[in-house]
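Novice: This is what each chain is made of:
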Amino acid sequence: MNTDRREFLKMAGAFAAMLTCNPEALAAGDRVITHATHMGPLKAYVRNGKIVRIEAMDIDLDPVDLLFAHKDAVYARNRVKYPCVRKSYLDGSDRRHMRGAEEFVRVDWGTALDLVAEALAKTKGEYGNESIFKTTYARWAHPGRIHQAASLQARMLGLFGGFTDIVGDYSAGAATQILPHVMGDIEVYSQQTSREVVLDKTELILMWGADPFKTNKIDYHVPIHSDGAWLRKMKDKGIKFVTIDPTKNMSVDELGSEWVPIKAASDVPMILAMCYTLYEEKLYNKQFIDKYTVGFNVFLKYLRGEKDGKVKNAKWAEKICGVPAQKIKELARMAVKHRTLVTGSWAPQRIQYGEQFHWSLVALASMIGQIGLAGGGIYFNIHYCSAGAPYTGVGAPLMLSQGRNPVNILIPASRMGEMLLNPGKTIDYNGKKLTYPNIKLIYSAGVTPIGHQPNVNKLVEGFRKVDTVITHEPWWTPTARYSDIVLPATTSFERNDISFGSSYGIEYAFAMKQVISPLFDARNDYDIFLELSKRFGFEKAYTGGKSVDEWIRWSYSKMRTKVSFSDFWKKGYVHFTSPKSSREYVRHADFRKDPVANYLRTPSGKIELFSEKVASFGYNDCPGYPAWIEPTEGPASYMAKKYPFQLITPHPIHRLHSQLDNTSLGAKHKVAGREPVYMNKFDARRMGLKHGDTVEVYNSRGTVLAGVVPTEKITRGVLAIEEGAWYAAENPSKDNSRCVSGQVNILTSDRPTSRLAQAISANTCLVAIRKAGGKLPRNTAYDSPPVRERL
Amino acid sequence: MYLSKPLKMKNGSLSAIVYTGTSVQSEKLGKKWIIRKQFWISNEGELFESSSSEAPTGNVKSGNIGNNGFYATFTASAKDGLLVCNLSDAITEMDSLYYERCGTCHRAYDPDMYTAAHWKKILESMKTLSGISQQEETEIMRYLSLLAKRKD
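If you read the sequences in order, they're chains G and H. Our numbering puts the first sequence at residues 1 to 791. Our numbering puts the second sequence at residues 1 to 152.
No wet-lab data here; the hints were simulated from the structure. Note that the coordinates shown come from a computational prediction; the quantities given were computed from them, not determined experimentally. Note that beta-carbon positions come from the ideal geometry of N, C-alpha and C, so glycine has one too. Any given hint might turn out to be false.
Said to hold, decoys possible - Below, computed lysine to any residue pairings styled on SDA-like, alpha-carbon distance capped at 20 angstroms:
1. H:Lys-121 - G:Gly-605
2. G:Lys-580 - H:Ala-108
3. G:Lys-214 - G:Lys-248
4. H:Lys-127 - G:Ala-615
5. G:Lys-433 - G:Pro-710
6. H:Lys-121 - G:Asp-590
7. H:Lys-120 - G:Arg-560
8. H:Lys-121 - G:Asp-594
9. G:Lys-301 - G:Ala-589
10. H:Lys-120 - G:Ile-186
11. H:Lys-120 - G:Ala-589
12. H:Lys-32 - H:Ala-78
13. G:Lys-432 - H:His-118
14. H:Lys-120 - G:Gln-191
Stated by the list, open to error - Ranges of calculated distance between the beta carbons of each label pair, as one might list FRET restraints:
15. G:Lys-286 - H:Lys-8: 49 to 55 angstroms
16. G:Lys-425 - H:Glu-54: 34 to 40 angstroms
17. G:Val-563 - H:Glu-44: 36 to 42 angstroms
Please put together the full structure from these sequences, using the hints given.
Specialist: Next up, the structure:
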C-alpha cells in the first residue's frame, strides 16, 4: 500500500502538530523550532514553511560553524527529489559497468519499492540472505534514536532472513581488536577519568595525533561543546601539553602545546624508544610492571634487540620517525617526573600494523606506572565526544532493537572492496577464519561507502560487479550516483526524533522536532523500511505495534528521569546533573587497588605486554608483543622513489566526514574549487608550487586534482588531504578516471592493518605530486546526475 | 524441566532463590509440582550446577553455609505454569530484554561468542552507557550465562 505525496504531507503535518510544542512566535507566521544535530542543539527559524535561519541553542557553550551549514544542506540543489532508477537497470539491459555513468529515470514510490522488494526477494531466493550486504554500520548521518537507519535497516533485513553485516569500524578498527587482548577492554570507546580529576591532578599530557579542538566540534550524539572550556582551564592552570603530530594542528595553538613534528605513520618507533630510555636509565616503575603486567621480559628482549639485533633506542627511532633522539629521551624523562596522561587519537593506528600503536602506548604507560592513579595513565579518547564528561547515570534514550540477524557473517569494515571482488576467499581475523560471501546486493541507508572506504577505484569495481545497488539518500552523494535504485530520504529536519548528548556524560536529552515538511518526494527511512516490511508480510514485527510517536515516547521512558515527556518535548531538552561518584571517577583505579579482585578481562587478568594468545595466532604482521614492523609502503620502501611523499588523511575541519561538503561552508574552504592539499612550504618551493595551484596527487591506485596550500604547519615530506570530499570521476565511464574533486580515498590503500584486526591502514600511503597541466575540468562532485521523466 | 521464573527453594534451614532457566527434577503430586535439585554452594553463598561451574544459578538468602563449599539438595513446590519443557521457553522474557537493550547501538552478539566470565566483564564495561538498571543487568547476565560458551 502506498500513500501519495499529498497524503504523506498531510500525515506528516498531523504528526508534527501532535508532537511539536507551540512554537515561539516572532512575527506573524514565523516559528522557532528546536532541533539537535551532531554539531550541537539548535533553534530553527521557520517562515512560510522554510528554514530562514539557524541559531545555536543557548546551552551550547561553544557553537561551531558546521551547525549553521545545515540550512544549506537541507536546501542543497543536489537533493534527490524523487525515487530514481538507473536507466539500464529499469529497462532490463543491465549495463552494470555503467553504474555512476548512466542517467536515471524518475519513478513513483510504488514502483521503486516494488523494485527494491523484488531485488531483495530474488537475491534471497537465488543466493541466500548472506548475499545481501548492509553497508550501514555507523550512525553519523544524524543523532536521532528512532529514525536511525543502521538499526532500522538491520531490523527489517533481520526479519527478512538476515544479511551480511560489518564488524569493527573505520575509526579505531585496530585498537578495538588489539586492546581487549592487552587491557581486557576496547578502551578507546570506554568511559575515561573524569575531567575534574584530570584538571586537579594531571601535570603533563602527551598527545599523539590528538586534535580535540577540531574533532570535538562534533559528537556521535549531540555536543554542547563543553570540552573546550575544560581544556582551556588546564592550559590556564599550567598543565603542559605535548603534541606529537605530522601537522601543527589547531589544538597546538589553542593549548599552547609543544609541537613535536614527526613523520607520518611512525609513532611506534618513538614510543618504543621512550620505553627503552626508561629501561636504560632505570627510570621505569618496576613495582607497577611486576604487580600489574605480564610479559615485560619478552618485551624487554625485543627492546634490547635480542630478537632482531636492533636496539630500540632513541637514535634508532630518530632515523625512522624524524624526532630528534634528545627530544625522545627528554619526553621519557619528563613523563616519569610528572603525573602524566598518555593519550593517543586513532589516526596513528590507521596505518599498516596499526595494532602496535596503542599496544606501545600501553607499554609506555605501564613503564611510567601511573595507570589507575588520578590524572595519570592512559586516556585513549581525549579527542572524542566530550570524553571525560562525568556520566549522569540517566541512561541513553533507546533506539529500536536491530533484532536478530539469522546470517552470522561479519566482515571487518575495511574489507568491503576486497569482499565484493573475491567471493569465497578465506582470510584470517583475530585468531579465526572468515570466508567472504558472494555479495549480489548492496544496500546503503544513512551512509556513503564510496567516500569512507579506502581505494575508491577498487570499491567502484566491486559496486559494478553486483546485481543490485540500493541506496536511501537525501542527496546525490557518490554512493547514490553509483546505485541502481535511489530512494529520496528525509533529513532529520523533516521528522520528529529524540537524542541525547554528550555521548559519555548524557547531560541532556534533546527533542529533535520536525522543523519543516519533507521536501520533494522524500520519505523517512523508517517509513521506507515499513513499506518494504508490508510487502514481505512482517509489518507488525517491524513496527512492534507502535507508531513513530509512540517509539519516541518509549525511547524517552527508558531514561531514568522524573521529567515528564510532555515537559521535555515542550522545552526541547532536559538537563541532568552528574553524581559526585562520576565526577571522581578514575579509570582503572579499582584494578590498581586490587588487581586480583578487580582483574582485567585478559587471559592473565593483568595488562599483557606479551600476549600468549596473540602470539599463538602466529601472525608475522602482529607478533605477541608491541613491535615496529617496517611498512610495505613507507618512506624506506622501494615505492618511495616513485612516490616520495607520505600522505595522511585527517578529519576535516569544515564538515563531518562527507557531510556538508555540498554546502557553502564546504565550498568556502576549497582551493581552486577542489579539496586542499597541505604541503610543507619548503617542499612546495622546491617543486615550484604556490598557494592555489591545481595539482595532481597520484599513485598506482589513482589520481586526484587538488588545490595546493603551502604551510609551515606540516612536516616535510608529508602531504595532508582531509577525508570526506565527494568523489567525482572526470570520465565516469572509464576505469580509474582522475577524481576532479580531491577525494583522498582514491589514493589510500585498503591493505589491512594486519591479520589480527583487518582494519583500515589509510595513513600508510605514498604519493607523488605535480602541477596539473592542460585545460582543467570543472569539479562536478555536487551536480545531480541527469534524471529522465520516463524511460 | 526449566524454571520460567525465579523460585524460592529450601534445604532444611537454608533458603535460596534459584534463577530463571535452571533445569530441575520435577514430579506432579496432585495439583502441585514437587521440584528437586542438587547445587554446589560456594563460600559466598552462591548456588552452582557443580563445583566447576562458572556462573551461579541462584543464591542463598538465609541460613548458615559455613566456610567450605558443599553440595546440598533443595526442594520446593510450585503450581502449573512455573515449569516449561524447553530452555528457550523459560528465557523468552530475558531473550527479549537482551535483544532490546544490547541490540540497538550495535548488533546483539550471539551469547555463545564468549564465556560467562567474559560476558560479565563485558557487561561491566557496557552497563554505564547502555543505562541498564541493576535488575536488567542481573537478568541479562543470567541470560548470557545460560547460553554462554563453556570455555575459552
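Novice: Confirm or reject each hint.
Specialist: Hints, one by one, checked against the model:
no. : hint                                     : verdict
1   : H:Lys-121 - G:Gly-605                    : holds, 11 angstroms
2   : G:Lys-580 - H:Ala-108                    : violated, 32 angstroms
3   : G:Lys-214 - G:Lys-248                    : holds, 12 angstroms
4   : H:Lys-127 - G:Ala-615                    : violated, 31 angstroms
5   : G:Lys-433 - G:Pro-710                    : violated, 46 angstroms
6   : H:Lys-121 - G:Asp-590                    : holds, 13 angstroms
7   : H:Lys-120 - G:Arg-560                    : violated, 23 angstroms
8   : H:Lys-121 - G:Asp-594                    : holds, 16 angstroms
9   : G:Lys-301 - G:Ala-589                    : violated, 29 angstroms
10  : H:Lys-120 - G:Ile-186                    : holds, 15 angstroms
11  : H:Lys-120 - G:Ala-589                    : holds, 19 angstroms
12  : H:Lys-32 - H:Ala-78                      : holds, 6 angstroms
13  : G:Lys-432 - H:His-118                    : holds, 18 angstroms
14  : H:Lys-120 - G:Gln-191                    : holds, 17 angstroms
15  : G:Lys-286 - H:Lys-8: 49 to 55 angstroms  : holds, 53 angstroms
16  : G:Lys-425 - H:Glu-54: 34 to 40 angstroms : holds, 37 angstroms
17  : G:Val-563 - H:Glu-44: 36 to 42 angstroms : holds, 40 angstroms
Violated hints, in rising order: 2, 4, 5, 7 and 9; the structure is consistent with all others.
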